[in-house]
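Residue numbers (the numbering used here), protein chains in the order written: chain A, 10 to 78; chain B, 18 to 246; chain C, 3 to 239.
Hints listed in this document are in silico derivations from the structure and should not be mistaken for laboratory results.
Predicted, not measured: the structure shown is a model, and the values here were computed from it.
Warning: the hint list may mix true and false statements.
[What the hints assert, rightly or not] Derived Cβ-Cβ restraints for the label pairs, each shown as a range: (1) Glu230/C x Ser22/B: 45 to 51 Å; (2) Lys226/C x Leu106/B: 32 to 38 Å; (3) Trp115/C x Glu68/B: 19 to 25 Å; (4) Phe26/A x Ser22/B: 25 to 31 Å; (5) Met113/B x Gly43/A: 16 to 22 Å; (6) Leu25/C x Arg41/A: 33 to 39 Å; (7) Ala38/C x Ile140/B: 54 to 60 Å.
Quick reminder that beta carbons are idealized off the backbone N, C-alpha and C, glycines included.
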Amino acid sequence: MSSGSQFVVAAYAVILFALVMYMVIVAMKSARIGREVELLTRIIERNRPDDTADADGQDVPPPVKVVDE
Amino acid sequence: MSPRSLRQFRALLVKDLRLELRTRDTAIAMLLFSVISMVIFQFAVGTRTEETTPFAGGILWATIALTAVLGVSRVYVPEREQRVLDGLLIAPVPRMVLMTSKAVAIVLYLLAVEIIAVPLVGIFFVEGSFAQDLPLILLTCLLANTGIGILGSLFASMALFSRAREVVLPVLFLPSLLPVVIAAAGATHSVFGVSNDMAEYRGFSLFLAVYAVIFGLVAYATYPFVFDD
Amino acid sequence: MTDSRSGRLLVVTGTATAALTALAVFGVFFVAPEDADQGIIQKIFYFHVAIAIASLVAFAVACISGVLYLRTRRERHDEVSSISIGIGLLFSGLVLVTGTIWAKASWGTWWVWGDPRLVTFLIVILLYAAYFVLRSRAEGERQRRYSAIYAIAAFASVPLSFYSVRIAQSFVHPVVFTQSGANMPDSMLVWFVVSQIAAFGLYLTMLQLELVQRRTEKRLRTLKTRVERLVAESPGA
């Protein structure tokens, strides 16, 4: 191996580092979305029994529907 | 341009200039600011070297670029007060005319500063006589001002509605302005004082003209969308 | 496009990009000949230049999407534009870092003002970092509109910055630094092309990934407001 190979290794390591960091950022965003979904699920579940107990069976709010575009 | 929009353009520009002539807020501030910048450059660079002539072009254009930020940030001041802008935007004035009048106002403010700043840089930093170079430098100023004005009008209008506009404007404005500073400094350097390199001057001037044309096209395409509410 | 389709597309591009990257690394280090002049240092070239070109393409895509946004006002174009600029900025940062490493290896200093390409990428980073400053200072429709306008104006500045830096230097130092690559033998060019396609693939993969993510986020927001309304209306609350 000729001299200067440490520079080549360094250059490719920097690219690898950046890609991994990018992955971490994307993963963090995904994790936040996951947490919020979990929170929403819990809120819906907590409200469900209330609705069926209080309502006369008629004015139960419609189930939450995911909107499709 | 139709005669109608030409009339509107003149009315808008005259309004801005008349306000400026009455208060003299912006031009005086810009002028003082440019002189202060020169003094700063002298102590940052000038005191380290024997001869400042090679730096004169650079100092002039660094000064003008910073001064331009000041002028551009002030160009909508008349409209900001008492909801003048709302009235202007409701009036049947094409956005293009409004934006162009602001661009021309910036060009004129800068020209007012340059008329004093260029000879001052000559006196402060150039050894020997420089009076014979002033016409060529004036041409450089006109070319550079056109680019600065087109760009400044666009960014000033965009900064108008954003939060913390004093911070946004320089950050937006200066990177795009860099080519003008580089080329104008080069052109000035090539003729200021003893140096007299016409080939170089022509190259830089051509670049400044190309810059003005390209941003003129960008402005033509984007100006109508800036105030679009 | 439905979620499942964009998801499948992402899998396809992602897999293809991974395979191409592996192939490119293999080719660059094991098959391509070593440069006679620069030796092994020249191997930085393959990804350095590929990523540089990919970042310029990303900025071009952002500019075109900006134009499309101004014409159609569809949010999708704004998303593509802003994501492309983010990716382009990341790539430009990598170009700058690998460029300084190359400068250190071949000229002995980390930074060379004499290389117009390196200096241009510094300017490009400043130019596009300002995009996010502008974007964070406005909201709603205005944010998208200003972003589109700035994406167009900034893209016009890129070639102008490059030429201004170059003409300024051509007058000062007549000798322009040449990086090898202008006349590459075919055995190197093949692997450069593979690297270039891999870099484009990387850009496309990232773009799709973030588009899917933005879409999910938007749906989540809709869902959240619905649930909030539901909870407020329910008699138990």
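Checklist entry - Hint by hint, which ones does the structure fall short of? => result Numbers 4 and 5 - these are the hints that the structure violates, sorted from lowest upward.
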